[in-house]
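In case you want the letters, here they are:
There are 2 protein chains.
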Amino acid sequence: MTDKSSTGNPGDVNAEKAPAITRRDAIVAAGAALLATGVPLLGQTTVPPSPGIPPDPTKVQGRVPTDLGQRSSFEKPRRFVFRALPSGESGTPLQDLRGIVTPSDLHFERHHGGIPAIDPTNYTLLIHGMCERPLKFSLDDLKRFPSVSRIHFIECSGNGVGLGPRTDRKQTPQQTDGLLSTSEWTGVPLALLFKEVGISPDAKWFLAEGSDAARMTRSIPVEKAFDDAMIAYSQNGEAIRPEQGYPARLLLPGWEGNSNVKWIQRIEIGDAPWMTREETSKYTDPLANGTARQFSFVMDCKSLITFPAYPNFVSPGWWDVTGLAWSGRGKVARVEVSTDRGRSWEDAELQAPVLSKCTTRFRYLWKYAGGEAHLMSRATDETGYVQPTHAELVAARGPGTLYHHNDIRCWKVESDGHVFFDTEL
Amino acid sequence: MTDKSSTGNPGDVNAEKAPAITRRDAIVAAGAALLATGVPLLGQTTVPPSPGIPPDPTKVQGRVPTDLGQRSSFEKPRRFVFRALPSGESGTPLQDLRGIVTPSDLHFERHHGGIPAIDPTNYTLLIHGMCERPLKFSLDDLKRFPSVSRIHFIECSGNGVGLGPRTDRKQTPQQTDGLLSTSEWTGVPLALLFKEVGISPDAKWFLAEGSDAARMTRSIPVEKAFDDAMIAYSQNGEAIRPEQGYPARLLLPGWEGNSNVKWIQRIEIGDAPWMTREETSKYTDPLANGTARQFSFVMDCKSLITFPAYPNFVSPGWWDVTGLAWSGRGKVARVEVSTDRGRSWEDAELQAPVLSKCTTRFRYLWKYAGGEAHLMSRATDETGYVQPTHAELVAARGPGTLYHHNDIRCWKVESDGHVFFDTEL
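Quick mapping for you: the protein sequence lines, in order, are chains A and B.
Number 97 in our numbering belongs to position 97 of the first sequence; there are no gaps in the numbering.
Number 231 in our numbering belongs to position 231 of the second sequence; there are no gaps in the numbering.
You may find that some hints are simply not true.
[What the hints assert, rightly or not] Simulated DEER-style distance windows between Cβ atoms:
1. A:A84 x B:P55: 18 to 28 Å
2. A:S344 x B:G330: 37 to 47 Å
3. B:G384 x A:E414: 54 to 64 Å
4. B:V81 x A:K76: 21 to 31 Å
Hints were generated in silico from the structure; no laboratory data involved.
Yeah, the Cβ is synthetic: ideal placement off N, Cα and C, and Gly gets one too.
Whole structure, please, built from the sequences with the hints as guidance.
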C-alpha cells in the first residue's frame, strides 16, 4: 500500500481521529505483536508495481461490469494432466483450494475414450429391460421431473499413490490424490424414473451405459437407485461440464467415480450383473489369497492434509494444518492429526457443514518447534470405520490392489522445514 | 440417440436379455405412461446433428484432458449487465441455476468506481485506530492465520424492483432480483485480527475502506467483527474473483452487500460511526414520517420463485415450482407457495442443507389446471420474521425507500400459459 492522505475520501470525514502512523511504525509494531503469537510478518518488503497495475488503484477508474467474470491475471489454478490421452486423467489442485467446493473447471477428469461432443437437443436416455414400459427421455423430460440438489464428492477409485514403493517424494496433494472433487449436483432421482417405467419387483441390477467412445458400462444394484442415485444434469448450479458428463450423468453418491457413468445414454434393468470389462478385468481388487473383491463400490473413509505439503516450507511457529476428509458411507465423525508419524494423535476441528458423502474440511493448529516432523491425518466416519494405515491395508488386501487406496498419507517435514511426501510409510 | 446394436460394447455381454424395442415403441409407451403422471413427453422429434457434433459420439474418440475446463459450446450462462459503467452492476442468471452455489464467474457485480487491478504481492491491509498496535498485514500474513470457510449469500441492498409502479412485465428473475449470489467464502475471522492489534475495550465501530476508485467506505459496529465477520480471500475454493474484491474483502454474513467492502485496504477502529457518504446520502431508507432508517445492515428474509417465471411457458399438468429463500438473520424456517395470488398458501419443501445466512432452495409440486394463475412465495426465518407483502412494506416504510425490497414477488400465468412478472402487485 502506498502512503496517502485520506482527504480524497468523501466518506472519511473523521479521518483526523486516526493516529498518525508511518509504514515503519506499523512494521515495528507488527513485529512485536507477531512475536507474541508466533505469526511472522511476511511480504512486507516493497514490491515494484506489475506491468499494467496502477501503483494506487484508488486513483484509477476500474473495469466495468461484464457478462462473464475472469480470474485475476495473477491467479492460474490448473488441473494436473497425468495423461493427455483419450483414456486420460487430470487432477484437482487440492493444495490451492479452500473450503470444500471445487470450481467446475478444476474438477478432476477421468475418461476412457475422451470427452464426447454431445448436442443436448439430440440427447436421450433410454431406460428398458425389466420394466412395464421402456421409455426414452429427452433432456427436457429429465428436467421436468422434481429435482434434488446435493453436495457430494466424487473420487476415482484409482485415486492415490500405488501400494508399491512410493519413490517420488516430490509429489503435491494434487499429484497423490487429485482425482477427488466436490460439487453441488442437481438432477432427477433415479427412483422416480424407475417408477415411471414401472420397474419389475424382480429387478436387482441395472446396467448404466455412457455414450463416450469407450461406451463405459457398469452394473449397479437397484437398491442404490432407491437410495440416493440420480441422473444429474447440473453441477455447481449450471449445466454439467463436458468432462463431467454433459448433458447428463449417473450420480451414485459415495461410490467409486467410474460407476458414476458419464454421458449416460442407456439404462437396462435386469436381475444379475452384466460382468462388463470394467467390473471384471478392471475395478476389482485382487486379494492376497488369489481371489478378488468385485463390485467394491463404496469409497472408504479417507483424509488428506493439503497444507503443509510438498512443496511447502514451514518455519518454527504456529501453523494452521488443514485438509479434507470424506467417506462414501456417510458423514465424517472425527479427524485426528499426528505430527510424530502416528505415535500420538490429537483431534482436528471439523468445519461445518459436515455433509453425508461429502468432503469435510478439517483444521489443526500446530506449533512447529523446528526439526523433523511427520504429519498424518486419520479420519473416522459415522459408521465407526477408521482410515487404515498402509500396513493395515496391505494386510487386509495383499500387495496387488490397484484401487481404493484410502490408507493414511504422511508428509515429512525435514529438519530444515521443507516438506516432502513421505515415501517410507 | 441413433439406433445401434450393442455388439460394439465389450461390457454388454448380456445384451441379448434386453427386449427388442424400437424407437417408436418407446415413444408410444412413454406417451401412455406420462399421461398417467401428467408429464408430457418433450423433445422427442429428430433433430439434425449440429456442426462439428458427431451423430453418434460412441464412434468418435473424444477430447483429451486439459488443465482447465470449458463449458459446453451449447451452454452460455451470462450475467445481465444493467449498467456497463464504473458505477455499474450485473446480475446473476438465477433462472438458469439449480441448487444454491453460484459459479464465481456468474456472481453478481456492483461497484461504484469499477473493478481495480491489484497486484496481490503489493496488497496490504492496515488496521489502526483504537488499538494497542496498528498493523499492516500482507496477503500472506492474512493467510497465515487460522481460517474459516462458510457458505453465505451476498445480496445488494438495492436488489429488487423499485417500490413505485412496476411497469415492465417482461422481467426475468435475473432482472428483478439478480443482485444475489451464494459462494463458499474462506478467510480469517476479523476477531482474530482485532485481537492481534489489541483492540481497545472502548471500541464500538470500525471503518472499512476499499482500494477501488470510489474508495468505498462504511462504518460497521465492532460487534459484527466478534460475531461472524471475516476478511475473505477465497471464493468457492479458489482466490476471490476481481469483481468480488480480489485479493481480499470484508465479509459480513447476512448484511447488505455494500457493507461487505471489497478490495479492503484499511480498517480504522473507533467509537462512533464515521457518517460516510455511503451511510448518509446513500444506503439509508427514508420513512413515511420524514425521518430515515440508517445503518439498516441486515438483509431481511426474502424469497423468489425462479421457475416458472418470465419468459417460461407452462402447459396444464404437474410442474416443479422452485426458487430460493434467504435471511440475513439466520436460517430459513419455512417457505410457502401460493398459486392464487396469496389467497391460500401451502408449504414448500426445503432442500438440505439449510444453512444460516445462506440461500435455501425450495420446491413445490404444482398441478396447473390451465387458465390464469398467480405464483407467489413467502419465506419465514428462524426468528419468526415473515416476508412481507408489498402493501405491508409500503405501510411500514413509506413510498420513498430505495433499498431492502424484500416484499413478496408474483409471477402471473396468463390463461394461455405464458408467464410474466406481475406488475400489479
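Results for each hint:
1. A:A84 x B:P55: 18 to 28 Å: holds, 26 Å
2. A:S344 x B:G330: 37 to 47 Å: holds, 39 Å
3. B:G384 x A:E414: 54 to 64 Å: Since the Cβ atoms of G384 (chain B) and E414 (chain A) sit about 57 Å apart, the hinted range of 54 to 64 Å holds.
4. B:V81 x A:K76: 21 to 31 Å: Between V81 (chain B) and K76 (chain A), where Cβ atoms are some 26 Å apart, the hint holds.
Consistency note: the structure conflicts with none of the earlier hints.
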